[in-house]
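As they're listed, the protein sequences go chains A and B. Per my numbering, the first sequence runs over residues 1 to 316. Per my numbering, the second sequence runs over residues 317 to 1084.
Keep in mind that the hints were calculated from the coordinates and are not lab data. Some clues are possibly wrong.
[Claimed, not checked] Derived lysine-lysine pairs resembling PhoX-like cross-links, with alpha carbons at most 20 Å apart:
no.	chain 1	residue 1	chain 2	residue 2
1	B	Lys703	B	Lys759
2	A	Lys53	A	Lys69
3	A	Lys270	A	Lys217
4	A	Lys69	A	Lys220
5	A	Lys230	B	Lys960
6	A	Lys62	A	Lys177
7	A	Lys291	B	Lys1081
8	B	Lys995	B	Lys703
9	A	Lys88	A	Lys230
10	A	Lys135	A	Lys38
11	A	Lys230	B	Lys995
12	B	Lys703	A	Lys230
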Amino acid sequence: MKPFNHTNATSIAEIKTALADGKTTLIAGGTDLLGTLKDNILRDYPANVINIKTVPGLDYIKEENGMLKIGATTRLADIAANETIQKKYTALAQAASRVASPHIREMGTIAGNIAQLHRCWYLRKPENRFDCKRKGGSTCFAMQGDNRYHSILGAEGGCLAVNSSDTAPALIALNAKIVTDSRTIDAEKFFEVKKPGNTVLEKDEIITEIQIPEPPKGAKSAFIKFAFRKSIDFPIVNCAVMIGGDNPRICLNAVAPRPYRAVKAEEAIKGKSITEENAAAAGEAAVAEVKSFPEAAMFKKQIAKTLVKRAILSLA
Amino acid sequence: MTNKQNPDTQQNVIGRSVPRVDAPHKATGKALYTADMKLPGMLYGKLLRSPVPHARILNIDVSKASSLPGVKDVIIGKDTPGIKYGNWRLFPQTQDEFPLAMEKVRFIGDEVAAVAAIDPDIAEEAVGLIRVDYEELPAVFSVDEALAPGAPLIHDEIEELEGNISIDRNIDVGDLEAAFARADLVLDDTFTLHAVSHAYLEPCAVLAQPDTEDRLTLWTSTQTPYIVQCLLASTLGLPENHVRVIKPHVGGGFGGKMELRPWDFCAAFMARRTGRPVKFVLSRTEELATGRRRHAIKIRSKVGFKKDGTLVAKDFEAYLDGGAYNSMGPTATFLCGNFGAMLYRYPAYRYRGYHVYTNNPPAGAMRGFGAPQAMYVSETQMNIAAKELDIDPIDLRLKNAMVTGDAIEGVTKISSAGFVESLQKVAEMSGWKEKHAAMPPNKGMGIGCYSFISGGVFNWFNTPYHFSACEVRAYDDGTVHLLTMASDIGQGSDTILRQILAQSLGISVENIRITSADTTMTPKADLGTWGSRVTLMNGNAILDAARKIKENLAQIVSLKFNLNVIHEIAFADGRVFAKLKPERGISFAEAVAMWVTANRGRELTVRGYYTPRDKGLTTPAYSFGAQVAEIAVDPDTGIVTVEKITTAHDCGTVINPMAVEGQLEGSIQMGLGYVLSEKFVMRDGKTLNTTFLDYKIPSAEDMPQIESCAIETYEPEGPYGAKEAGEGLAIPTAPAVAHAVFEATGYRCKELPITPEKILRATGKLME
Ligand SMILES: Cc1cc2nc3c(=O)[nH]c(=O)nc-3n(C[C@H](O)[C@H](O)[C@H](O)COP(=O)(O)OP(=O)(O)OC[C@H]3O[C@@H](n4cnc5c(N)ncnc54)[C@H](O)[C@@H]3O)c2cc1C
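All chains, full assembly: derive it from the sequences and hints.
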């Protein structure tokens, strides 16, 4: 790893000022960021790293004004173990509990989890071997190369890498909002990037809180994940659903460059009872838009529709 | 693990789960590995590796790197003596590697230059400043491409070679044609077995220190200090004994650390040039992208049975993808053929094995050395045949199983075999008959078996010394010092060897100090930790030494008590005494003290040796075993959950049940990775998955329930009847799981690994 200056921040304002120079990166748990630095996968190497974990008052889970509020630096392990979240915002607790391994959940924060960089073996090849589209280059190597774990819903800005966050689909299904130092963004909109990058965050914008409205009466949520290993493994596909209220919400991740809200599946299950048949129909609807790349897509498509079906059935 | 209890276990060190002597230090983080070591003035080394799979080197410009402040040395092939090396010294034309590339590079990762600098970051920066001009050559990435007419010659500099086959091996037993003519069922299948990584937890590391008299000390993460010593000396042009190799704690090897490697050479060479210690530590990415691996092998196997299940013949043809260099490939080529003929009686057997150069990263030795591949094929074909012939798979095996005294003509003889008992026991423990007949949907039960060598006899390294040696020093305080070159790389030999010595001298393990794996301080030689050889071979050397100690002490006790010549002298409980009159005896310490006095101050020091003689050219002894896997397949995702693994195995006398259990658990983990999840994703010779996130070894949570039973036989050639328990156990899991997957899904895997995608495709779930 190349040297950089490390500062423990004491306020959001301090971080904001530091980030303005364009040579500084924010670090939370560091479980994603340090890997990218150690492997030197990016074009630019930060001169400074500023630590948000030392900012007081950002590590909390509380219910207030009819919503759940989670501070940006709250660790995934605490979210997974929180009884209120387990009971009322179940998909999020389940998602947090399936991230990586116990050690990483003790370090990794919720904000870091949704702001993490995409997973793609070209993008992440050490020493910036593939200067690809997502880094601002001209080629997506996965287009010609081995793309078995890539997007099955087409590219975004010419890039096929997938967003692999486990908590993102749960937050979208739960209709969460991401609060930053300057605005409040719908979780779904948070990933609608128009430029290289992972989120709509400006370079000096800082997530401070996650807000989740109390689920509608009768609504329940669930998250399931398919990975090759039982632990320390990114999702091949994951899925979160919330149903029981008026409008079901279903979100898949790792199938596209951003979390994929399966609107057709939501429509398919809306107002219907949870039966094997209806759940399967929703599963089919969820993958109706799956595109091209036959070999890899066929497999992930099968997994995606199975997960949608099972997530719905788990709430019967 | 059940274990035959010995009535006088009080005194028995053999058969007891003596805790590993290195365990407390490892568990508390105190154990020093090479990467932990620091010396004053130490420099940090980094390698420049080829980014292209096959090219001629036109020019190398190191000027920018050399002038970077903090850089103390930069070397390329031309700076070195340019002496080739390789483990197969017996056949010099197989020694095909230079420490740094000379004219050509042959795979992505081939070492081209090395830098030593005052810190690792500077070294890395300097590596990035070296400019190499390559003239790219056509490259081949599979055996088929390498053998195609007009394929580029990867080692055009070796005159003896005409194509890319570097070595071949034939075995012919019996009249094959006639035997096949008698067969009622002939299976003819082609299998594609893939390469996998050793994935040892400690990446390779070395630290070299020069001394004032032109000598060198090397601490290196190796399984074979003696081999590193000899080959390093020859590549440096030094006398062998100017090089001292010490093996610190090693975090696993599994066959991947049994050669001289370029960083060993570069550390030593630059240490001598700069007069400063030089250290290299490889990264996980380097290990996965360029490290040794298990051979990918394409095997065509034709096997004939009579209607009643009797085997009549087998025709076995193997093409090993050796990658760019021979490494230990010749051994894998030989053993693959030997193992193809193991486990069952084949009245006629033919083997044709070819080791083929390609531009992939070189394959080397890896746990099982050709056996996991050969036996995946044999075992899968046994299961296919059982189905075709409508015979229970275990019954079919029992009908053909090797027993004590069997031989493969011209290859080997079986001096002890508990195979039949293993099959019977595993059937009983797993409830095979009832369960297998009535599996619920999407569940399966399968069987796989193995046999493995307890060390090799064929002297490919061409050592003039004994295969194993030790020195034992007995002191007047009752303690003993055991000195041996045998290398504990995590498998536990420092503990096991002490148990063997403690048992034979009748003293406690705690009273034995051990110095191991230091080429200067221990007697020559020991070929190293590979081929599951250490317990048997070094154990025998220790018994030889112990016998000599005991002869000396028996004289003393006989003299002191004026014992009749017919008395047997016993060694137990820290005493030396007349067996039938235990009161006539003294403590071990006293006996040694008296011996020293009687010898006017001489130390009681002896040497013990072992070389397998008159044991054929393969091995002195074979282990055997049978394993049953129970699995569930998720029909919609294709994911396989391994629920239970039951094993019955014959490793001769179990010296340390806990250590054997550890080997078994590790083997199952490795076997599961081989069959289900591990695979290098290669693209034009480039490895894409170079982290443990993308290269998927099973995690602790993926481990099944494990049950096992040791079938104890007594191996006449083994110390206290022991034979191997290290590598063989890594073999049966793959065929057992594959069989279970077939039973659950109807998918018969002939191309490893078994992925969810392959299962879904085979079961028609991926139809559009
Ligand atoms: C071995 C391994 C396995 C993993 N497995 C999984 C998995 O299964 N599922 C999964 O979802 N993830 C996984 N991860 C990814 C990741 O490490 C975790 O998701 C973790 O939650 C990231 O949080 P962190 O606090 O460590 O983020 P950091 O590494 O500190 O930061 C990640 C990014 O987020 C930015 N960031 C962090 N906080 C803020 C903030 N408040 N405002 C603005 N930007 C911010 C950082 O600048 C950085 O760009 C894995 C990582 C590893 C190393």
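Taking the hints in turn, this is what the structure says about them:
At roughly 17 Å between alpha-carbon atoms, lysine 703 of chain B and lysine 759 of chain B fall within 20 Å of each other, so this suggested pair holds. Between lysine 53 of chain A and lysine 69 of chain A, the direct Cα distance comes to roughly 17 Å. Compliance with the 20 Å bound is thereby established for this hinted pair. Between lysine 270 of chain A and lysine 217 of chain A, the direct Cα distance comes to roughly 15 Å. Compliance with the 20 Å bound is thereby established for this hinted pair. Annotation: proposed proximity of lysine 69 of chain A to lysine 220 of chain A holds, straight-line Cα distance about 18 Å (limit 20 Å).
Only pairs whose Cα atoms come within 20 Å are accepted, and lysine 230 of chain A paired with lysine 960 of chain B is accepted, the gap being roughly 16 Å. For the given pair, lysine 62 of chain A sits about 15 Å from lysine 177 of chain A by alpha-carbon distance, which is consistent with the 20 Å threshold. Between lysine 291 of chain A and lysine 1081 of chain B, the direct Cα distance comes to roughly 18 Å. Compliance with the 20 Å bound is thereby established for this hinted pair. Note on lysine 995 of chain B and lysine 703 of chain B: the hinted pairing is violated, with a Cα-Cα distance of about 29 Å set against a maximum of 20 Å.
With a C-alpha separation of about 25 Å, the suggested pair lysine 88 of chain A and lysine 230 of chain A falls outside the 20 Å cut-off, and the hint is violated. For a cut-off of 20 Å, the pair hint linking lysine 135 of chain A to lysine 38 of chain A stands: about 17 Å separates their Cα positions. Between the alpha carbons of lysine 230 of chain A and lysine 995 of chain B the distance comes to roughly 17 Å, so the proposed pair stays at or under 20 Å and holds. Restraint check for lysine 703 of chain B and lysine 230 of chain A: not satisfied, since their Cα atoms lie roughly 33 Å apart, outside the 20 Å limit.
Comparing the model with each numbered hint stated earlier shows that hints 8, 9, 12 do not hold.
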